[in-house]
Amino acid sequence: MNPTLAGILFIGSLVLVLAVCYRPLGDYMYRVYTGSRHNAIERGIYRLIGVNADSEQRWGVYARGVLAFSAISILFLYALQRLQSHLLLSLGMEPVEPALAWNTAVSFVTNTNWQAYSGEATMGHLVQTAGLAVQNFVSAAVGMAVAITLVRGFARDKTGELGNFWVDLTRGTVRILLPISLVAALALVAGGAIQTFADHSTWTTLTGGEQTFTPAAAASQEAIKDLGTNGGGIFNVNSAHPFENPTSWTNWIEIFLILLIPFALPRTFGRMVGDNRQGYAIAAVMASVFAISVTLTNWAELSAGGTVPQAIGAAMEGREVRFGVSNSAMFASATTLTSTGSVDSFHDSYTALGGAMLIWNMLLGEVAPGGVGAGLYGMLILAVITVFVAGLMVGRTPEYLGKKIGPREIKLASLYFLATPLLVLIGTAVAMATPAGRAAMLNTGPHGFSEILYAYASASNNNGSAFAGVSVNTAFHNITLGLCMAFGRFLPIVLVLALAGSLAAQTPVPASTGTLPTHRPQFVGMVVGVTVILVALTFLPALALGPLAEGLH
Amino acid sequence: MSTPTLHTPRRTPAPHDKVGGGLLDPRQMIRSLPDALRKLNPVTLWRNPVMLIVEAGAVFTTVLAIAAPSFFAWAIVVWLWLTVIFANLAEAVAEGRGKAQAATLRAAKRDTTARRLLSPDDPAHWEEVGATELRQGDVVVVEAGQIIPGDGDVIEGIASVDESAITGESAPVIRESGGDRSAVTGGTKVLSDRIVVRITQKPGESFIDRMISLVEGANRQKTPNEIALNILLAALTIIFLAATATMQPMAIYAKATNPGIPDSLALTGDGVTGVVLVSLLVCLIPTTIGALLSAIGIAGMDRLVQRNVLAMSGRAVEAAGDVNTLLLDKTGTITLGNRQAAEFLPVPGVPAMELARAAQLSSLADETPEGRSIVVYAKQGYGLREREPGELAHATWVPFTAQTRMSGVDIAPDPGAVGTAPDSGAVGTAPDAGAVGTAPDPGAVGTAPDAGAMGTAPDSGAVGIAPDSGVSGLGGRQVRKGAATAVMKWVRDHGGHPTADVGHLVDGISASGGTPLVVGEVNGGEARVLGVIHLKDVVKEGMRERFDEMRRMGIRTVMITGDNPLTAKAIAEEAGVDDFLAEATPEDKLALIKKEQEGGRLVAMTGDGTNDAPALAQADVGVAMNTGTSAAKEAGNMVDLDSNPTKLIEIVEIGKQLLITRGALTTFSIANDIAKYFAIIPAMFAAVYPGLDALNIMRLSSPQSAILAAVIFNAVIIVALIPLALRGVRYRPSSAAKLLSRNLYLYGLGGVIAPFIGIKLIDLVIQFLPGMS
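As you go down the protein sequences, you meet chains R and H in turn.
Numbering of the first sequence is given in the numbering used here, commencing with residue 1 and proceeding in unit increments.
Numbering of the second sequence is given in the numbering used here, commencing with residue 554 and proceeding in unit increments.
It is worth saying that the hints were derived from the structure and are not from the lab.
Be a bit skeptical, because a hint or two may be false.
Examples of chain R residues toward chain H, derived with CB under 7 Å [claimed, not checked]:
| id | residue |
| --- | --- |
| 1 | Gly65 |
| 2 | Val389 |
| 3 | Leu392 |
| 4 | Val394 |
| 5 | Gly395 |
| 6 | Thr397 |
| 7 | Leu418 |
| 8 | Met432 |
| 9 | Ala433 |
| 10 | Ile479 |
| 11 | Leu516 |
| 12 | Pro517 |
| 13 | Pro521 |
| 14 | Leu540 |
Positions of the beta carbon are idealized from the N, C-alpha and C atoms, including for glycine.
Okay, chain R solo, but in the shape it has when bound (with noise of 0.2 Å):
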């Protein structure tokens, strides 16, 4: 089989399932946020936790247990780094030095799960499993909460009440990530992945030399790691790991799991809003964007730009054998358009031309499909700023799904637009100007740019993944790529959440034929055209210095 027509098989075969779990998943979670009864665990959990399940909370209430959890989240996982020499499981590690201790808590509460550490290295079981592993869960169900949270904001009318944060991320990790995670970490077990609490243990190499491995609960971690769009891998070159990812249909598996919740959430969202169609339409724009940049990656990729690729026929650097070109640009395209940024293979070798891609991804905001439920508040963010250009050109005041979009709305929505790409902007500016910054730069020219574009860009838009040839685990880039992540997260989430009571506290518009049809091609079209040109018109100059400074000739 060519590697063409091998790359389509593997990316039509996950299209084709990914669009049969569309409609089962979207409803069965679409259940799980809507219904009124509690089962025994979260019974239980309320309990311990003391909270009135069947209150609602308006958004501020909602927002201030967002960053409540969130706070008290990075606070424990950093002292638990801190501290993890006196605990139990620790396989004998050194605490973590606090400014890395502070980046990787940030970093797993956000759902950044950026790594400025080798995971094999410097984290022993307890870290991994109860620290870590956790925040994959727990991270992942705040997301899903707050993409909740908006879309009650457009489903109901006339009302402060948008829902129980507590409830909404019990029911989302017991309910939804959990039971998946089973079922995925089976499958990667059943497929070669380890699954142990065991140490150290030294193996004798093909060449004869000794290596020391560090056993890990590898399956288990990768399951939520790949379906909460999380990225931290256990070990450092993350799902290049054999241990991580074995064969290429666990290759196959990890990119569904990734995508799986993403692009199912929109049939949530229909189902909420009372218009399955206005589902498909998110879901459409989400999967256009996905297609263009996945075809634009393989594309860049498989032509084998580049001295190096050329003279070795293919761009083979920094891949495993086992997946091959196409489906490691497959697994990029993934990883960089949700907010997991683990990785099959290595980003910095990557054409020039297909690393402007994967930066670009990340640079869309990661809303095709996005991050769960970052990834679909995002995509709803640029509808409504979309509406808004649109609506006016039909000549009413514009409306989404019969909200009005008026100087509220269009502010919050803004501010949500702009925190991101001002995280990475000022954030790249301001290591490109400090000597420190540049110190940690490996390589110089456009490339090493584009290496600490690329690092802010992931950063701030809560991807985690990374270009390499940065030595980020520096005090500098610790606290600002943690500052990055910490901002990027959780200013759009506060900036939803008020959006989401905004929306709700509206009386809705009905609909009539002088409304903006939103569930139609033309707004699909449109909202794609607003995603990719705006980011085109705020990024140019920067992707211009450096990939395309690289790639073009």
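Position chain H relative to chain R; hints supplied.
What follows is chain H alone, placed relative to chain R:
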């Protein structure tokens, strides 16, 4: 309910005319130039953050150009200043059009004196005071030739008033105490008679004062949508500010890693030069829409003024574009305002022509619009010559009265004429014909239908002839036409027996929503019913098409009428409205508006009476007729000086056009940026990274000319679009999806392509300037 004067307003274009005034007069531009320069004051420009940034950039580059002069730097400086001036010019031109109007209004606001009554009950004793001293509640007397000193209501008397000062219409209107035509406006002139007026305005807040400040655009408030758009533009400005500012360290690094490359005009070791950086920023921020935004708003109000509509706030104009439900009064808006004969239905055995003759004969003396319509129909439908009442000898005319509810004629027995058709009689002068009363108010319902909406016919009772007085019935012929019950009774009283057929005809017409009038005669002592006239409310021409348009725009039309549900339904179906409210009281109207609003709909309506005021206040768009009471004018948020209720439809279109213009130019402005990047990025960086020259797809001749061409295009496009901003983009009622497609192609795709062509053309010219290579 109808307008007291029938006139064609001078300033009102025909409904489907292109809205005038869009052509840009170069002289107007020059006249507005001083204003444009005055607006350079940053304090004034503060309201427009996008242009404030451009001005700051212009100041900054001026300083740089003074410090390190070059032709290129000065060219950029000049064009940046021109960009700000062009933006100010757009606003100044838009305001200038209102100023002319305000000047004529000011002329009407001369200092007048008022005759204030010492006691409101005693019109004989008054004191002379200045108009400005009048307070609410003061009572003044105004006589022929005097100017009415302030807004108020007539509480005594009737007068013809020249309101041309505010409406531009020279035909006088009648103002009288009581009823819905009691409001008078300060600055208008009493032409005849004498009225006593109670002042309702506060000092300095007269209608004319408000008009002046409205048309001048003074203390114009930003509308919610304008605020929202400004927020989006501010966000885009911030993002481009960040994109250009953060580019600097990246550029410095790029230059530093390519040490062999000499400094260029755009890029030195200190990064991108200030002039180029500012140029890029100004090209990227949405200057086109930022420059034209306030002009679009002012021009929108101005388009209403051109149609003689005054909007009390821009918010109301915007709401008009959003309206979901239109409440339209039937009479005067949907129908012509009076019933007209549409059919003659003879009872079996009577020839149709005989009924037609009798109907015509009995209506010759009926001066009500309904009576006239019967004569017209007899002529058009049956070829019967219209005759003057005087043409018939020996005839006694029986005009219509509210008491008898009949009209007709008694013809004396004449040997030569008995038993023959009336028109065979000798024609001569008829001295007795002079008794015909004229109906002074054509709007009043003259002919009394059975339907119950019985109007009183004021003043027409002057002729006191009893129905069967006059000529003795013996041997002569009497013809009567009128309300079914009245004529049937008259026939029975003369010994006739109307058959059941008559009842069927009458019921059939009533059931179809029409008004039946029965025609009967007594001929040679024998009384009988000849047939029935079908009177119909006539729907104005083109209304159905208008309502179809409304439906396409997603607007529901509801007809409001005092008629019974049957009549209302028939007219609603004929006119093609979506719904109707029959036997409507002002309370019903208010309740309907509230119900619609609860469902999230925006409601527009027109009204003129005092009892309309609560509904006008409740409606999102309430258009008060200028002929209406001051309570109605106070309650509404728009006043139509022509008092034409159909104009509500045009107001909705203008509201939509305003929003579309904003959206289209915003899209255009953002789409423009793509080409500007393709011009400026290679100009800045191709020296260090030659690969980036691939982005120079326009093949611009040099970095300098590329940057200057982009800046010039950015400035010139503002001037080029001023006419569009003032005129508004073309609006044709159609569904949202179609509108969007059209505007997307025109302003989205057009906005992407146009600057590629424009910048290339400018580059072709300016490449020959010194310092461009």
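Now for the hints, and whether the structure bears them out:
Restraint check, Gly65 (chain R) versus chain H: the minimum CB separation of about 28 Å is more than 7 Å; hint violated. With a least beta-carbon distance of about 6 Å to chain H, the hint placing Val389 (chain R) at the interface is held under the 7 Å criterion. The interface hint given for Leu392 (chain R) holds, since its Cβ lies 3 Å from the closest Cβ of chain H, which is under the 7 Å cut-off. The interface hint given for Val394 (chain R) is met, as the beta carbon of that residue sits about 4 Å from the closest beta carbon of chain H, less than 7 Å.
Hint status for Gly395 (chain R): holds, given a least beta-carbon distance of 3 Å to chain H, under 7 Å. This hint holds: Thr397 (chain R) has a C-beta 5 Å from the nearest C-beta of chain H, less than the 7 Å allowed. For Leu418 (chain R), the interface hint holds, the least distance from its beta-carbon to any beta-carbon of chain H being 6 Å, beneath 7 Å. Look at Met432 (chain R): its Cβ gets to within about 4 Å of chain H, closer than 7 Å, so that hint holds up.
Annotation: interface hint on Ala433 (chain R) holds; nearest CB of chain H at approximately 4 Å, less than 7 Å. The criterion of a C-beta within 7 Å of any C-beta in chain H is not met by Ile479 (chain R), whose closest approach is roughly 18 Å, and the hint is violated. Annotation: interface hint on Leu516 (chain R) holds; nearest CB of chain H at approximately 5 Å, less than 7 Å. For Pro517 (chain R), the interface hint holds, since its Cβ comes within 7 Å of a Cβ in chain H; the closest pair sits about 6 Å apart.
Interface hint at Pro521 (chain R): violated, since its Cβ lies 10 Å from the closest Cβ of chain H, which is beyond the 7 Å cut-off. A cut of 7 Å between beta carbons decides the hint on Leu540 (chain R): the least distance to chain H is about 5 Å, and the hint holds.
Consistency with the previously given hints fails for numbers 1, 10, 13, ordered from lowest to highest.
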